[in-house]
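*Asks:* Could you put the whole structure together from the sequences, leaning on the hints where they help?
Residue-level listing of the chains:
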Amino acid sequence: MSATILIADDEPNILLSLEFLMQREGYRVLVARDGQQALDTILQQRPDLVLLDVMMPIKTGFDVCQAVREHDELAGIRILMLTAKGRDTDMAKGLALGANDYMTKPFSTRELVDKVRALLGAQP
Amino acid sequence: MSPLLVVAVSLAYLLTLFAVAAYGDRRATAGRSIIASPWVYALSLAVYCSAWTYFGSVGRAASSGVWFLPIYLGPMLAMVLAWLVLRKMLRIAQRYRITSIADFISSRYGKSPLLAGLVTLITVVGIVPYIALQLKGISVAFDVLTAVPAALARERAWWQESTVYLALALAGFTMMFGARHLDSSERHEGLVAAVAFESVVKLLAFLAVGAYVCWGLFDGVGDIFARAAVQPELASLFAPGQGMAFAHPQWFALTLLAMLSVLLLPRQFQVMVVENVDERHLRRAAWVFPLYLLLINLFVLPIALGGLLHFGPGQADPESFVLSLPLSQGQPALALLAFVGGLSAATGMVIVETIAVSTMVCNDLVVPVLLRTRRWSEGRHDLTRVILNTRRLAILAVMLLGYCYFRLAGEAYALVSIGLISFAAVAQFAPAMLGGMYWRGATRHGALAGLLAGFALWCYTLMLPSLAKSGWMADDFLRVGPWGLDWLRPEALLGLGGFDPLTHALFWSLLGNVGLYVGVSLWRSPSVAEASQALLFVDVFERSSQLQPVFWRGQASVASLLALAERFLGPERARELFERYAREHGRSDLSRLDLVDRLEPLQADAELVHFVETQLTGAIGSASARVMVASVVEEEALALEDVLAMVEEAKRLLLHSRELEQKSLSLERASAELRAANEQLKSLDRLKDDFMSSVTHELRTPLTSIRALAELMLDDARAEAGGAPAMRLEQRQNFLAIIVAETERLGRLVNQVLDMAKIESGHAEWQHAELDLVALIRRSADTVAELLRERGALLTLELPDSPVILRADPDRLTQVMINLLSNAAKFVPAGSGQIRIGLALQRDRVQVEVQDNGPGVAPEQQALVFEKFRQGGDASQRPQGTGLGLPISRQIIEHFGGQIELRSQPGQGACFSFWLPLGAPDNDKNGDRA
Chain A
1 MSATILIADD EPNILLSLEF LMQREGYRVL VARDGQQALD TILQQRPDLV
51 LLDVMMPIKT GFDVCQAVRE HDELAGIRIL MLTAKGRDTD MAKGLALGAN
101 DYMTKPFSTR ELVDKVRALL GAQP
Chain B
1 MSPLLVVAVS LAYLLTLFAV AAYGDRRATA GRSIIASPWV YALSLAVYCS
51 AWTYFGSVGR AASSGVWFLP IYLGPMLAMV LAWLVLRKML RIAQRYRITS
101 IADFISSRYG KSPLLAGLVT LITVVGIVPY IALQLKGISV AFDVLTAVPA
151 ALARERAWWQ ESTVYLALAL AGFTMMFGAR HLDSSERHEG LVAAVAFESV
201 VKLLAFLAVG AYVCWGLFDG VGDIFARAAV QPELASLFAP GQGMAFAHPQ
251 WFALTLLAML SVLLLPRQFQ VMVVENVDER HLRRAAWVFP LYLLLINLFV
301 LPIALGGLLH FGPGQADPES FVLSLPLSQG QPALALLAFV GGLSAATGMV
351 IVETIAVSTM VCNDLVVPVL LRTRRWSEGR HDLTRVILNT RRLAILAVML
401 LGYCYFRLAG EAYALVSIGL ISFAAVAQFA PAMLGGMYWR GATRHGALAG
451 LLAGFALWCY TLMLPSLAKS GWMADDFLRV GPWGLDWLRP EALLGLGGFD
501 PLTHALFWSL LGNVGLYVGV SLWRSPSVAE ASQALLFVDV FERSSQLQPV
551 FWRGQASVAS LLALAERFLG PERARELFER YAREHGRSDL SRLDLVDRLE
601 PLQADAELVH FVETQLTGAI GSASARVMVA SVVEEEALAL EDVLAMVEEA
651 KRLLLHSREL EQKSLSLERA SAELRAANEQ LKSLDRLKDD FMSSVTHELR
701 TPLTSIRALA ELMLDDARAE AGGAPAMRLE QRQNFLAIIV AETERLGRLV
751 NQVLDMAKIE SGHAEWQHAE LDLVALIRRS ADTVAELLRE RGALLTLELP
801 DSPVILRADP DRLTQVMINL LSNAAKFVPA GSGQIRIGLA LQRDRVQVEV
851 QDNGPGVAPE QQALVFEKFR QGGDASQRPQ GTGLGLPISR QIIEHFGGQI
901 ELRSQPGQGA CFSFWLPLGA PDNDKNGDRA
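So the protein lines, in turn, are chains A and B.
The numbering of the first sequence is our numbering, which starts it at 1 and goes up by one.
The numbering of the second sequence is our numbering, which starts it at 1 and goes up by one.
I should point out that these hints are in silico values taken from the structure, not numbers from a laboratory.
Hints may contain errors.
Said to hold, decoys possible - Cβ-to-Cβ under 8 Å is the rule here; a few derived chain A residues that face chain B:
id	residue
1	11
2	13
3	18
4	21
5	80
6	84
7	85
8	102
9	103
10	105
11	106
12	109
From the three backbone atoms N, C-alpha and C, an ideal C-beta is built for every residue, glycine too.
*Replies:* Right, dumping it as structure tokens:
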């Protein structure tokens with residue numbers, strides 16, 4: 001059974017490209033267009049991995065990450081943060097909040113796929 | 001009783017006194033002073049009670065009932081009511097090292113030697129009789145005790161009588177404990193201890209006799225009064241008025257006199273002020289002394305009445321009741337005790353009074369005369385021995401004067417009357433002294449005039465009559481007035497008759513004294529020296545001991561000051577004082593002055609001169625000290641203007657320091673403002689960082705889509721080349737369209753960011769051309785027509801037909817219009833959008849508005865709309881835009897002097913409007929152009 005990936009980003013075109021990419025790789029894809037939607041979907045659907053954009057309306061990626069990490073039963077969900085902001089502090093903050101990995105935009109699709117595979121492969 | 005026994009007992013008592021005094025002195029040098037106790041101080045004040053208390057009070061009570069009381073009521077009232085005055089006197093005396101009344105008065109009025117001498121003279125004249133009365137009291141008591149008949153007493157030669165030996169013994173005692181060394185503080189610790197001891201002895205003795213009379217001779221106090229009440233001549237003693245005319249004024253006069261005397265009697269000033277070691281002791285004394293007076297007077301009336309009852313009126317001398325009553329009852333021991341008590345009272349008074357008067361005589365009569373002779377004033381040898389010997393001689397002289405007066409005049413008058421005359425004499429100091437402590441305007445001339453007048457009147461109304469009444473002078477001037485002038489009668493001046501001599505004399509002498517004191521003081525203003533001393537005295541509490549104001553200018557060498565100190569205080573003591581001064585003032589240059597080469601070049605400052613003068617004051621009095629210091633110092637006479645200038649300077653410095661305070665306060669405020677500005681700058685910095693990171697984010701977002709989609713398509717193409725299944729054509733077309741669109745978006749964004757950066761940094765290029773706003777608006781509308789058609793929005797133009805000319809940048813204004821229109825197009829509902837452009841022309845400006853029927857903007861968002869990268873509306877519906885359009889538009893409009901604003905209600909569309917000024921005067925033909 002293939003893994004489920006939730007893609008959360010408010011930019012439609014990015015969402016579109018990521019959705020296509022992940023589906024091509026054979027994953028089951030869920031989408032969310034804002035932070036609240038992302039959190040709800042995580043809680044309800046328990047995806048295996050979340051591609052989480054930082055700058056989103058209602059709740060930011062950081063908020064979502066922190067909220068998810070408060071639930072012990074969701075500890076198995078991998079979080080990969082995507083951000084267009086350039087500051088190192090954002091990255092450190094993401095990792096401190098419990099994200100498993102991050103990527104800056106614009107990213108290479110190949111790299112992204114490699115990272116996703118690595119994160120999901122590590123699952124027991 | 002055998003005389004030998006009495007003499008032996010007296011000697012023993014004197015030896016005990018001696019021992020107490022020696023012990024007190026030894027404790028003082030060991031540093032564990034006895035008189036550090038407030039009890040000792042309070043008891044020493046009881047030296048007020050002399051032989052008069054012992055013998056005279058009883059005598060007076062026996063003849064005039066309660067009239068013995070005012071003498072003791074006065075001091076009680078004074079301690080309780082006037083202790084603030086006493087405190088001030090204490091402070092002044094200690095601050096300025098004043099050692100006698102003469103010194104006090106002369107120091108206050110500019111350190112006048114003349115005033116000091118006058119006060120001393122008055123004191124001697126007034127007090128010598130009082131000393132005589134003590135000797136008389138002892139003499140009479142001795143005679144009573146040894147049962148010498150009165151007739152024999154009168155016939156004795158002076159050397160057969162004990163009094164002369166007593167006087168000599170007392171002189172010796174006083175010399176030994178009162179003039180052992182010259183102390184600049186004039187304290188005599190051993191002596192004060194002895195005086196306190198004597199106070200206790202006399203109180204106990206009197207109480208013993210009183211108790212005996214009340215409960216031994218009679219059945220208690222009540223019994224005495226009951227028995228006296230039945231005898232008419234005794235009963236009359238209870239009545240306050242005593243049947244005398246003008247009882248109230250007399251009572252008042254006596255009380256006032258006693259109040260003044262407790263301050264102004266030399267012995268009281270000595271123990272209360274000069275011998276005081278701690279100002280706080282005054283508090284204890286303020287109630288202990290009145291209590292003592294109460295106790296010692298408790299049995300006076302009972303003893304008097306008891307004696308009168310026992311012996312019968314007029315049978316025995318009431319003044320010796322304390323002795324005769326026990327003797328008559330076969331109680332010689334008690335009588336001896338009473339004698340010792342009386343001896344104690346008398347000797348205490350004599351010793352202290354003699355010291356006080358001799359200090360004055362030495363410092364204020366003898367030393368000034370000595371210093372006037374060249375030999376003493378210019379010689380360099382040690383004068384301490386000379387002064388000390390002068391002191392001793394003065395003691396002996398005063399004592400002998402008292403004895404002579406006793407021999408010559410003591411018989412004539414009752415003890416009490418002599419005493420009251422002395423009181424009236426010292427009362428003359430009251431205006432000068434008390435006035436000097438509170439009135440800055442009192443002058444030396446005023447004090448001199450007042451004292452002379454008071455003294456003269458006292459002499460005339462009291463002294464001369466007393467001499468006449470004792471048979472020394474013809475007494476017709478007493479009866480009919482000098483040269484037969486009745487209104488000049490000494491005891492009824494100007495016809496003021498009916499008063500007893502004392503009240504009468506007190507009235508006139510004080511009237512003359514105060515009158516001339518005030519009048520002459522007001523007549524002429526004080527000199528500089530007087531004014532400065534006045535300030536020092538009257539304001540003594542306000543002046544801290546650190547800042548001694550020195551109204552002095554001049555040159556003095558330290559060497560000459562040191563030499564002066566050595567001459568009058570002794571070499572060791574002088575060096576000690578200089579070392580102490582050097583230590584306390586941190587003047588290391590003044591220490592080790594025994595090294596000659598340190599000494600020679602040093603010049604003294606005003607403070608040092610003042611210090612030396614103060615120290616000398618204790619030894620030779622303030623007037624002489626002033627003279628001596630002035631002789632080594634080349635003083636510049638200080639005019640009143642100079643003093644005023646100094647005061648002004650001090651005021652200016654005070655103001656200056658206040659200004660400095662103000663400045664430092666405003667400096668603080670300024671630095672606080674600077675800090676706030678810094679904070680603001682930092683936050684602006686942060687804003688800039690935020691802007692930068694926003695720009696980064698906005699630029700990277702389209703880049704992300706472009707890259708991702710392009711890569712996807714590339715992979716797909718490779719896969720297709722490899723034979724794998726590929727994207728559908730629509731998909732590919734879709735992706736490519738998105739790539740193109742995002743590239744355009746990126747391009748626009750880059751342009752706008754650069755635009756914004758240029759405008760904000762001032763590097764933008766602005767054209768200034770004349771343009772027709774109406775035409776420009778129409779052109780913009782055409783540009784966006786396609787966009788509007790796509791959205792199905794209807795555009796209405798409400799523009800005037802004639803051109804509206806203004807100077808601006810046409811491209812920029814077009815940019816603004818297109819921005820507003822495309823915003824409106826973005827937000828109007830699809831298919832039913834309505835956009836209206838309106839233009840209104842006013843006197844000095846033109847207003848343009850773009851109204852749409854979109855969802856409107858919530859009030860709290862309206863300000864955000866013009867912020868960079870903020871876009872209105874729900875994020876999920878956010879249309880393609882950059883978020884910089886409105887901020888740039890605002891910059892453009894504001895650059896040309898206008899304003900742009902948004903009016904909107906949610907649900908009722910939005911209206912963006914801007915106005916621009918119409919500019920130069922040559923443009924106001926706008927409305928007239930056809």
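*Asks:* Go through the numbered hints given earlier and state which of them the structure violates, listing their numbers in rising order.
*Replies:* Per hint list: 5, 8 and 9 violated.
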